[in-house]
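> In case you want the letters, here they are:
There are 2 protein chains.
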Amino acid sequence: MMKSWIETANLIECHFSLANLPYGVFGRDGEAPRCGVAIGDVVADLAALERLGLIEAGDAPVFDKPALNDFMALGKPRWAAVRARLRALFARDGDPALRDDPALRARVLAPLEAVRLHLPFKVAGFTDFYANRHHAQNVGTMFRGPENALPPNWLSIPIGYNGRASTVVVSGTNITRPLGQIRPAGQGLPGFGPCRRLDLELELGAVVGTPSVMGRPLTVAEADAMIFGYVLLNDWSARDIQAWEYQPLGPFQAKAFATSISPWVVTAAALAPFRVATPPRERPLLPYLTEPGPMLYDIDLEIRLRPPRARRPTTISRTNYREMYFSAAQQLAHHASSGCKMETGDLLGSGTISGPAKDSRGSLLELAWGGAEPLTLDTGEMRTFLEDGDTLTLTGWAQGEGYRVGFGDCTGRILPAPAEPDWTAAEAHLG
Amino acid sequence: MMKSWIETANLIECHFSLANLPYGVFGRDGEAPRCGVAIGDVVADLAALERLGLIEAGDAPVFDKPALNDFMALGKPRWAAVRARLRALFARDGDPALRDDPALRARVLAPLEAVRLHLPFKVAGFTDFYANRHHAQNVGTMFRGPENALPPNWLSIPIGYNGRASTVVVSGTNITRPLGQIRPAGQGLPGFGPCRRLDLELELGAVVGTPSVMGRPLTVAEADAMIFGYVLLNDWSARDIQAWEYQPLGPFQAKAFATSISPWVVTAAALAPFRVATPPRERPLLPYLTEPGPMLYDIDLEIRLRPPRARRPTTISRTNYREMYFSAAQQLAHHASSGCKMETGDLLGSGTISGPAKDSRGSLLELAWGGAEPLTLDTGEMRTFLEDGDTLTLTGWAQGEGYRVGFGDCTGRILPAPAEPDWTAAEAHLG
Chain R
117 MMKSWIETAN LIECHFSLAN LPYGVFGRDG EAPRCGVAIG DVVADLAALE RLGLIEAGDA
177 PVFDKPALND FMALGKPRWA AVRARLRALF ARDGDPALRD DPALRARVLA PLEAVRLHLP
237 FKVAGFTDFY ANRHHAQNVG TMFRGPENAL PPNWLSIPIG YNGRASTVVV SGTNITRPLG
297 QIRPAGQGLP GFGPCRRLDL ELELGAVVGT PSVMGRPLTV AEADAMIFGY VLLNDWSARD
357 IQAWEYQPLG PFQAKAFATS ISPWVVTAAA LAPFRVATPP RERPLLPYLT EPGPMLYDID
417 LEIRLRPPRA RRPTTISRTN YREMYFSAAQ QLAHHASSGC KMETGDLLGS GTISGPAKDS
477 RGSLLELAWG GAEPLTLDTG EMRTFLEDGD TLTLTGWAQG EGYRVGFGDC TGRILPAPAE
537 PDWTAAEAHL G
Chain G
117 MMKSWIETAN LIECHFSLAN LPYGVFGRDG EAPRCGVAIG DVVADLAALE RLGLIEAGDA
177 PVFDKPALND FMALGKPRWA AVRARLRALF ARDGDPALRD DPALRARVLA PLEAVRLHLP
237 FKVAGFTDFY ANRHHAQNVG TMFRGPENAL PPNWLSIPIG YNGRASTVVV SGTNITRPLG
297 QIRPAGQGLP GFGPCRRLDL ELELGAVVGT PSVMGRPLTV AEADAMIFGY VLLNDWSARD
357 IQAWEYQPLG PFQAKAFATS ISPWVVTAAA LAPFRVATPP RERPLLPYLT EPGPMLYDID
417 LEIRLRPPRA RRPTTISRTN YREMYFSAAQ QLAHHASSGC KMETGDLLGS GTISGPAKDS
477 RGSLLELAWG GAEPLTLDTG EMRTFLEDGD TLTLTGWAQG EGYRVGFGDC TGRILPAPAE
537 PDWTAAEAHL G
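Protein sequences appear in the order of chains R and G. 117 is the number of the first residue of the first sequence in the working numbering; add one for each residue after it. 117 is the number of the first residue of the second sequence in the working numbering; add one for each residue after it.
Among the hints, a few may not be true.
Note that identical chains are pooled: a pair holds if it fits in a single copy or bridges any two copies.
List time: in silico DSS-like cross-link candidates among lysine-lysine, alpha-carbon distance up to 30 Å [stated by the list, open to error]:
{"id": "1", "residue 1": "LYS192", "residue 2": "LYS119"}
{"id": "2", "residue 1": "LYS238", "residue 2": "LYS192"}
{"id": "3", "residue 1": "LYS119", "residue 2": "LYS474"}
{"id": "4", "residue 1": "LYS474", "residue 2": "LYS238"}
{"id": "5", "residue 1": "LYS181", "residue 2": "LYS474"}
{"id": "6", "residue 1": "LYS238", "residue 2": "LYS181"}
{"id": "7", "residue 1": "LYS238", "residue 2": "LYS119"}
{"id": "8", "residue 1": "LYS192", "residue 2": "LYS474"}
Treat the hints as calculated values from the structure; they're not laboratory data.
Based on the provided sequences and hints, a complete structural model is requested.
Following this line, the structure appears as structure tokens:
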């Protein structure tokens, strides 16, 4: 493994090794957010490097922006060129331009702990999938009974639904417990109030770089080449709102209140050495979904829950992205199969990533089996669903020989539900 | 009714009367698209009027843009001020600045038939609802049988689902028949191929002007005041793809390929005289959905189908927006109830607007009862679903005393499905 002159990047548990080089958007307080790359414990200012002529991505500058979208739209050859250049700049025996110039280093590098990380890209559309066999089996059993657990189309379609892009937020953003229509068990009619079954979903999000043309389907290979990278994604879910609303047209307010993503986009290029095949098919795929090669990734994933006042979190689940039944490339190809135009900044949630074991499930719904089997945290406290003040952290990394390609953390803390407004107080404005 | 010095605006069937003043985006070929307002048979260039100081909307210019979003974000008082100013400029006995200056008129006014109309606003998010009682009953009967037609939550929730914003196109854009997974009747497994049950859905789209705050619900009155205006909306639907994919998480590729909207946004202000109450409740509403006043509109709507080579279309349905069970304001309040942030440019489809009579249904699925009762067109041809070359036109207007507040047309012509790519030909790009 090639070493960096930024020594923290060479630590064996460091997520941001020289092999990684994930992209994000950062700024100190009061500074304009701009694009950066994480390495070791620092972030390198890509806007500054570009201005100084030390990197060149496109014909016009793309990094002095509050979002990665302009860079992502450039496409795979340009991504590869910038990646190669960054590796040269940060390798121990690479280009000395930055390494040997202390004044330049001071201008370009900032400690990660000193900067604020922003949403890394403008989310064009957010689509969430339901493409993990264990999760579908678990949830289907709870929602529809074991005999109807897996819908008849599940093995044929990477099932997806459109989510809400406006509430995709960056890690660290507090999550307000939603209000909603909830039908108490055994009652016929719903009430309106705070969610009581607030859950997380551990997912990976694929980020679309280059757009497609409306009316034209994509092959899986084309789809794969359009994916710029991946983020950790927590698809917060209000299970009681969901249970009452989701039939017949799918989840809506149960998912619309918030989705958290990691501040760092780990590129498909950095993950390439960790490609693995999807599991054997239980039903042959239609040709348009056939993969030309291995398209999942071997990425270890963990969920940590820290209750209020606890000093340390409890790791409540350990799983791996390779447990998916459909890859992001297959999901993207399916998404475009009708001619749906895909755009730079589209975010595709993998769906909850559960493993086969009980402690490898990707949601509290599954971990505590709908409330029937509470989890015990390291503090001795019990959990069936999330409580106010709980902090959830997702983390994940691909494990190389003596190095990691990691995502850092994706965290969120639960705030109490808002007070209900006086629904009749506001003026009618019937202009 | 106040008359305009643009005489075509005073014709009793003219959609673009002085009472209307709908906003859109236009340009001659080769010109930069910019905002305009339709009156009679002309479009007035709002960017030019703003530049000349004849109208003033915001502190900075908002009309020399390819989308209405900046203007829509200004909020109700500014919308009202611009509307009042435009009425004065175009009223027969109003401000003579434009009326009496032929050179200025030549600079500012263009015949509608000479300009190209663009998508009027950048669609932030597209949400489609399912909030018409007749439609839900009809479709539910066909999909789930009469005993399960209306889901248990239907009378409590304005049921909605997130749609795809990237494929919302302006009237006049051709619609390519989608490919997709389809399970032939009586077979267990699906194939992949062109949709055979291509349908339209007659809807009205509500356009959100001012945004809301993440985590904060909206009252119905607040929601109503945020709605800038309405467009005609055709939610093209692939019924065979839908039937196989929509359980358990809702429609996806069956709707993702295209949604057409009219080029003109008719403002809530122009429609205010036509407000009507929602129908009597069959089940009491939760307080957060209670309307402070009448929030539907009396808008006549028609669907016209012109087969290839026919000279004239057949009107296949006549209905009215007042047939909705939930208003757009209720839908928007529900949409924000979980704390979901609403944005300038969000588009909320009403859901298919069917009336109680057979010839007032809003989709071919209902009009031809799932294919069982083909329609006969004026040419003698039969239709169950749409055929290649068919041109669909939606139109609608509120009928005043001797004048109309109309939407113009929303049209789309069906093109054949694309040839399937060679799914294995593309290079794998496994970088």
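> Quick one: LYS119 to LYS474, C-alpha cut-off 30 Å, is that within a copy, between copies, both, or neither?
Result: close neither inside a copy nor across copies, 38 Å intra and 73 Å inter.
> Please sort LYS181 with LYS474 into within, between, both or neither, judging by C-alpha distance up to 30 Å.
Classified as neither: same-chain Cα gap 43 Å, cross-chain 55 Å, threshold 30 Å.
> If the cut is 30 Å between Cα atoms, do LYS192 and LYS474 qualify within a copy, between copies, both or neither?
neither (39 Å within a copy, 54 Å between copies)
> Since the copies are identical, ignore which copy is meant and state whether LYS238 and LYS192 lie within 30 Å (CA to CA) inside a copy, between copies, both or neither.
Answer is both: 19 Å inside a copy and 27 Å across each meet the 30 Å cutoff.
> Checking LYS238 and LYS181: alpha-carbon separation at most 30 Å within a copy, between copies, both or neither?
both (11 Å within a copy, 20 Å between copies)
> Please sort LYS192 with LYS119 into within, between, both or neither, judging by C-alpha distance up to 30 Å.
within (25 Å within a copy, 59 Å between copies)
> For LYS238 vs LYS119, is the C-alpha pair at or below 30 Å within one copy, between two copies, both, or neither?
neither (33 Å within a copy, 46 Å between copies)
> Taking 30 Å as the upper bound on the Cα-Cα distance, should LYS474 and LYS238 be classified as within, between, both, or neither?
Cα proximity of LYS474 and LYS238: none, with 36 Å in one copy and 45 Å across.
Hint compliance for this structure: hints 3, 4, 5, 7 and 8 are broken, all remaining hints hold.
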